[in-house]
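> The residues making up each chain are set out below.
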Amino acid sequence: MIEKRRKERIDRGIKACTDDIFCLSSLREISYLLVPRILPVVLVFFLVLVVSLYWKKVLVITFVMTIMAISWDFLASCGLISLGHALFFAMGAYSAGAMNHYLGLPVYVTLPAATLLGGVISSMLVFPALRLRGIYFSVVTLIIPLMLMRVIEATKIIGGTEGISALSPLPGLASSIAISMTAMWVVLFSLRRFITSDYGLIFVALLDNDRAVEASGLNIVWFKIQAIFIGSSICAFCGAFMTHYYMSVGMSAFALDLSIFPVAATVVGGMGTLAGPLLGALILGPLSEALRGFGTFRIVFYAALLVVFIVGLPEGLFHYVRRKYEQIERWVEVK
Amino acid sequence: MLVYGFINSLILALMALGFSITFGISGVANFAHGAFYVLGGILTWLFLMKFGVPYILSAIIAVAVVGIIGALMYRFLLVRLRGLVLSEVITTFAIGIVILELLRVFGVMGFQYRLPSFIPGSAEIFGTYVGIQRIIIVAAGALLMLTMHFFVHHTKMGLSFRGVAQDDHTALSVGINPERISIFSLTLGSMLCAFAAILILPLGTISVDEGYDVLLKSLAVCIIGGLESTLGVFIASFIIGYVEVLTAMYISSSLTMVAVLACMLTILLIKPSGLFGKYKEIEERI
Amino acid sequence: MEYLNVQGITKTFGGIMAVYDVSFSVDKGSLVGIIGPNGSGKTTLVNVITGFLKPDRGTVLFNGQNITGLRASRITNLGIGRTFQMVKPFYRLPAFKNLVVPLSSPRVKRMGEHYGDKDSTSLDILEDIGFERDSSVPYKPASVLPHGYLKRLEMGRVVALQSELVIFDELFSGLSLAEVASISPLIERLFEVGKTVIMIEHRLKELFRIASKVIVMDLGKKIAEGSPKDIMQDEQVKKAYLGVELKR
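Residue numbers (my numbering), protein chains in the order written: chain A, 366 to 700; chain B, 12 to 297; chain C, 114 to 361.
Don't read these hints as lab results, they were simulated from the structure.
Everything numeric in this text was worked out from a predicted model, so none of it was measured.
Among the hints, a few may not be true.
Covered stretches of chain A, going by a simulated chain C footprint (3 or more residues, C-beta under 8 Å) [unchecked claim]:
#1 405-411
#2 446-460
#3 580-586
Simulated crosslink set (BS3-like; lysine-lysine; CA at most 30 Å straight-line) [as the list claims (entries may be wrong)]:
#4 C:Lys201 with C:Lys167
#5 C:Lys167 with C:Lys342
#6 C:Lys334 with C:Lys141
#7 B:Lys282 with C:Lys351
#8 C:Lys141 with C:Lys222
#9 C:Lys253 with A:Lys689
#10 C:Lys318 with C:Lys351
#11 C:Lys352 with C:Lys326
#12 C:Lys334 with A:Lys372
#13 C:Lys201 with B:Lys282
#14 C:Lys334 with C:Lys351
#15 B:Lys282 with C:Lys334
#16 C:Lys351 with C:Lys326
Built from N, CA and C at the ideal position, the CB exists for glycine as well.
Let's have the full structure, built from the sequences with the hints guiding it.
Given below as structure tokens:
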């Protein structure tokens, strides 16, 4: 007699009624919902307090990279897969650097101004490609930063290869941590609220079927620009922040690293949820820092992990963990 | 100047051929193309300089190894991503980065990393002195292109390959095995790539950054010419070849890449399927 | 009154003439069918009319206004709604949220407060087109819905938009006779409230029952136009669909 088993998946009985109406009637259920949201915030806060100075600095950079990864996932959820995220970062970085150096504006002005300006410039640069679909759009996003990079290098404007240095610093490490961490949570939670709102739905629909959105009376080019503006402004903020953190800006703002990390973090963490890239980045960031010994080895690490995950666990860690959290799998005998 | 442009064009054509063949036969865009190029050069160098293997043999081994790596890459990684173009692009690009950056970490830079020319010396053609190496390249390039064109368009095997590129489900239903063909196309593409590297690298040094440049230029040639057309690749390499030479002469040699990328950008914005590609308006833009 | 007037539309795709010099008009409140073998250019024609493609030549007049070459979303907001042959809902969104997207369009917003809260309006529309109200079906993500429901969801879009001119592109394809029988009343209802309907169809029996005029296309050209009865007798039409009888 051959023993037959099958795997059965059942939802944990905590969600009642339909998929988006929850019956919050007991502490157990409330905590089931709240804990996954509060726990990471608390953990990260705790981490920041506890680690050494060296690792505090690593965390700052990690938070910034996390924000970039989240923005990448956001754009990907709208169907805009960018292979040149460094462009948005660089636009913000250079805006802040230029404003600080040539116009003498202080940090608390350049940060918001560069965020907006970087977003505007990026949107204008990407705009002509917005009518292209799928892979063609992505290839254009790959090319534009490469072109800009070489133009700056060759024409030596805005500092050329050496870049601009001796810019105003941020007021201390503690505030850097505070700013970057707060920005990270703000970006995460507000984007999540946004894409579940009625207005944000339209953006999500863009990925599923953009012609249907057009046929619903909504101008998709306009919505795509908005998506790009939001995504690129967020990255521009990261660029501006890092410019003042390092007190200089240069060709490194266009680094391949910056374009690959968000993709790797999102693939590892799980696409589509915005929390996936958070998970992926918080893992990849410090891990790659630990392997700092070889310099460019970092990018080998991200790229390799990217390949491993895209082939092996394409849904990403977040989806995997969530599935386990929300469903029980067990072997059941087949009669 | 005309002669240099001509030679440059054929160099580009040779580089782009591998990429174009892989895509034309199986629909897989191999963004590790640049990495394979540098890898082919480095492996040859390794066998030649470190192990003292004769040049021709080193070249053959290097080409074979790169071909095998290409096949393995498909067999174990890409086969799971069949049909998801974007994932294939990202994956091959990431693999390319892994290879190139690893090479960079191991210090592949500097004059010692050179491949010697096959036949030193130069000859005079139309009033300009041209290295014999370059002449070999031109001859090899032209010959290879003609062979490929003939193969892909006129032989039974070649036609079945293109069938796979267009629609692998249909190909499957008429008895063609797309998986084997895809492995073949990756092997062939990678080998062509390494072969091109061995021919072209003696003109300069082997450097990691050139790997990225090669990828971009091959991409430019294929996109401008049209991803499915060998004739397109040929014409496009001439266009870009002359654009590069003209930019270097009249504007600035550091802006050549910008000019190339600008051409690619222009075509993508006007006619994304390339000059000779099939016109697919609905799929390309909205 | 001529509601839609199409004159001399020609559209070429790199050498292939998908639509050639097609002209016809549609009266307000009528139901017109467009039929023809596969590849005859019906969908291309609709894409041109609704703004998804720009014609090489020709004009499209809607309610007296020249809409040739306008953006598709603009044409939709002017009152023309369409469904797609390949049904692709917004997979990741629940069924009722699918309709919230068209309900967010400028056209619907212009109709003002009477329309109310989007979620409940969407559920009302879904009920009208055949989703059972009290079940959890409207809340399920669109990816799990069977084909019949997806077709209804497509229809739901034009209902939500309250389009005056509705173009259905092969709405009945892939549906069983029972499903066709349950969707036909919905189309008839649209017709009864005064909407103008154009249907591209292959299932001629159902179409001929309800259409007042039928236009036949073949290889990009219009080859016949008339009442269903006349069309069935027309020699050209028979030739296009069935081929020519060989004389021995």
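> For every hint, state whether the structure bears it out.
Okay, the hints, checked on the actual structure:
no.	hint	result
1	405-411	violated (count 0)
2	446-460	violated (count 0)
3	580-586	holds (count 6)
4	C:Lys201 with C:Lys167	holds, 23 Å
5	C:Lys167 with C:Lys342	violated, 34 Å
6	C:Lys334 with C:Lys141	holds, 24 Å
7	B:Lys282 with C:Lys351	violated, 40 Å
8	C:Lys141 with C:Lys222	holds, 24 Å
9	C:Lys253 with A:Lys689	holds, 21 Å
10	C:Lys318 with C:Lys351	holds, 15 Å
11	C:Lys352 with C:Lys326	holds, 20 Å
12	C:Lys334 with A:Lys372	violated, 57 Å
13	C:Lys201 with B:Lys282	holds, 27 Å
14	C:Lys334 with C:Lys351	holds, 15 Å
15	B:Lys282 with C:Lys334	holds, 27 Å
16	C:Lys351 with C:Lys326	holds, 17 Å
This entry does not satisfy hints 1, 2, 5, 7 and 12, going by the numbered hints stated previously.
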